[in-house]
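Peer 1: Make the full structure from the sequences, and use the hints.
Number of protein chains: 2
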Amino acid sequence: MIKIAILGYGTIGSGVVEVLHTNRDSIAKRAGDGIEVKYILDLRDFPGDPMEDKVVHDYEIIANDPEIQVVVEAMGGVEPAYTFVKRALLSGKNVTTSNKALVAKHGAELIAIARKQSVNFLFEASVGGGIPIIRPLNSSLTADEIEEITGILNGTTNYMLTKMTFEGLEFDNVLKDAQSRGYAEADPTADIEGYDACRKIAILTSLVCGQQVDFEEIPTEGITNISATDMKYAKAMDRVIKLLATSKKTEDGYYAMVAPFMLSQQHPLYSVNDVFNAIFVHGNVLGDAMFYGSGAGKLPTASAVVADIVDIAKHLHKNILISWSSGKMNLVDCKKAKSQFFVRTSEKCEKITEVFGEVEYVEAPGVTGEIGFLTETMTEEAFEQKAGSLGSILQRIRVV
Amino acid sequence: MIKIAILGYGTIGSGVVEVLHTNRDSIAKRAGDGIEVKYILDLRDFPGDPMEDKVVHDYEIIANDPEIQVVVEAMGGVEPAYTFVKRALLSGKNVTTSNKALVAKHGAELIAIARKQSVNFLFEASVGGGIPIIRPLNSSLTADEIEEITGILNGTTNYMLTKMTFEGLEFDNVLKDAQSRGYAEADPTADIEGYDACRKIAILTSLVCGQQVDFEEIPTEGITNISATDMKYAKAMDRVIKLLATSKKTEDGYYAMVAPFMLSQQHPLYSVNDVFNAIFVHGNVLGDAMFYGSGAGKLPTASAVVADIVDIAKHLHKNILISWSSGKMNLVDCKKAKSQFFVRTSEKCEKITEVFGEVEYVEAPGVTGEIGFLTETMTEEAFEQKAGSLGSILQRIRVV
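If you read the protein sequences in the order shown, they are chains A and B. Just so we're aligned, residue 3 is where the first sequence starts under the working numbering, counting upward by one. Just so we're aligned, residue 3 is where the second sequence starts under the working numbering, counting upward by one.
No wet-lab data here; the hints were simulated from the structure. Keep in mind that the hints are not guaranteed to be accurate.
Treat identical chains as interchangeable: a pair holds within one or across any two.
Within a straight-line C-alpha distance of at most 30 angstroms, the following computed DSS-like cross-link-like pairs (lysine-lysine) qualify [what the hints assert, rightly or not]:
no. : residue 1 : residue 2
1   : LYS338    : LYS237
2   : LYS165    : LYS237
3   : LYS88     : LYS316
4   : LYS250    : LYS31
5   : LYS31     : LYS320
6   : LYS237    : LYS340
7   : LYS31     : LYS330
Peer 2: Below you can see the structure in the form of structure tokens.
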């Protein structure tokens, strides 16, 4: 019997308990041993809960119990998660976490400690919820140079953009709707400003390039300035607007970015709607691949955490190699990145032609008093310079 | 240096050589050691080929060379592949294969031999080409009971159906086009009759249920009777026709089937076009997930084979557990499976109502002299009985 401790009895922690209970027999078969929850660390008590007697309030109890082989970190946030996880690894315990903030900030260090201790630090649930992506990147796409990884990595904003696309609503209304459904938090900043997606693409890019990518260096735009008018233009072009987190390998190195994009129907992420997530990968020999599924939610996320526990059980005292060193990867300045841009302006056609040359005008039913157009493909730098010359820019969205 | 032998220097064998060459450094880093092709077994000579001096015509040379740690089987067909692979495993060599016929027929036995010998028999490329699906099923979706696995597993037929959907062509014309592009073979039977997809869903179902599923027992329909008229009806319903290979877990056990289906826009496989493949998975805790990519082709398939070689290199002398025993899984009779059916008939409405009760009629622009309708959801058995009573049935396609 493999004894585990769960840190945090919130949505994910309780989901892990539920998954371990629901699929007990098949999980034991695949892990080669039964999995038993010995402790749950939480500040609260849970009177009446079937796990009531497992709850402890002091991490020392877990840290000092040599029977505990796996620590499941499901608290969220960098501290005290970091301190607890590091201590667990240093004392020879395996760790799985769903905590993107922790992994983005300290992943390289924790992976190195796990390797030194011949244990494992796994984090499948930290990106894409239930979608297998970390393990496929680490153990399936090993024949390839990954040249692009682009994801819809935040379910909250994807739900909101889907709702805006199909129902013509304004941003503020769909935010309220998402909050009332529990998809968005009371303080929705991390989702709608793209910070959540930013940490996730930092993790994926680190895995792809094998070095530490600092999320603070990734240019990040959220969806707060996307309007019902933008959606009308998108629809007129048979496009949808999605918040993409993307990184690409160029001759000069990797660049990464989080921003809203207009996607054509041919794009593999075009039809990823509602709270679903998907990750598109382009490998130099594999070509295009995509992984799709539930990017959040109690049971899907817990499914990924428990899959980590099974993998740990199959690799006790044997470190699974993860190529993510603490050497820092300096990202290429995004100013060199090229895109086509969709622009809305109150300037006249003559001025647009003067600045941008020949452009493709877009008309959206019911939109008046402004002009929408598509530029040619150009660098961010060139666009910014032209946009400055144009004067009034009501909106600009990258097109892919 | 890990020395390997490749059996068969055709499309996939030469693709493996190319991938190992193109990504030599990153593959060596991930494998923890360099990979060197020592032999290529083929009946032919390849004068002028850079690998010319590696080519041997006698398998004995490979079988008797203790330096060879990995045998890459890329010959296709059951024999002599089976004999060669079995012998390699019995002599303690690892094997990776892209050969669905071999895996579907002898997978359980070869997996058992590998386990006994503490080596590995891996077959990622046998289903879905470059799409990681075997390894994710085996090592990522381990927390779940997989309740459904449904795939577009044959690129040739998907190309043909896509062409029929968008260009309104008849089956015979698109078959000729597929043959001229090298997507379909001179004898296209295995693809268009669904036999290829059948072997692949047998492999996936065996992995999901952990027992041997005999492909001969899977009811299999191809796409040879799909016509431009069917496509007109599908379009009128905003649906597309896809060849699906599907297996589902029911209370009575697993059933599996290969047949054309009409998919709604909400179906995750709706927009999988051209030669792409995709596999949809529903887990009892994960919910819906999908894996998409190149289902065939030289480099994508070779990418999956080389990923197997890397996995083997990381697990030398250590068997990776694959749950697929030789115990036979008796499939549930598909007669109990339930579907909605789309039907075309030359009978009158009165007769249709008499037999099927209330149905939903479908009109397709330009189609006259017949009636199209959608039945309620019913078992295959019930449908067959009613269809017998109706009399003339021009077509029936399951709807999902």
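Peer 1: For LYS31 vs LYS320, is the C-alpha pair at or below 30 angstroms within one copy, between two copies, both, or neither?
Peer 2: For LYS31 and LYS320, the Cα distance is within 30 angstroms both inside one copy (19 angstroms) and across copies (18 angstroms).
Peer 1: Under a CA distance limit of 30 angstroms, which applies to LYS88 and LYS316: within one copy, between copies, both, or neither?
Peer 2: both (22 angstroms within a copy, 26 angstroms between copies)
Peer 1: If the cutoff is 30 angstroms on CA atoms, where do LYS250 and LYS31 land: within, between, both or neither? Let me know, please.
Peer 2: between (40 angstroms within a copy, 21 angstroms between copies)
Peer 1: Give the relationship of LYS165 and LYS237 under a CA distance limit of 30 angstroms: within one copy only, between copies only, both, or neither.
Peer 2: Answer is both; intra-copy 13 angstroms and inter-copy 25 angstroms each pass.
Peer 1: Go through the copies and call it for LYS31 and LYS330: within, between, both or neither, with a Cα cutoff of 30 angstroms.
Peer 2: between (40 angstroms within a copy, 18 angstroms between copies)
Peer 1: At most 30 angstroms between C-alpha atoms: does LYS237 with LYS340 qualify within a copy, between copies, both, or neither?
Peer 2: Within one copy only: 23 angstroms inside, 37 angstroms across.
Peer 1: Can you give me the call for LYS338 and LYS237, within, between, both or neither, at a CA distance of at most 30 angstroms?
Peer 2: For LYS338 and LYS237, the Cα distance is within 30 angstroms only inside one copy (29 angstroms; across copies 43 angstroms).
Violated hints are absent here; each numbered hint is respected by the structure.
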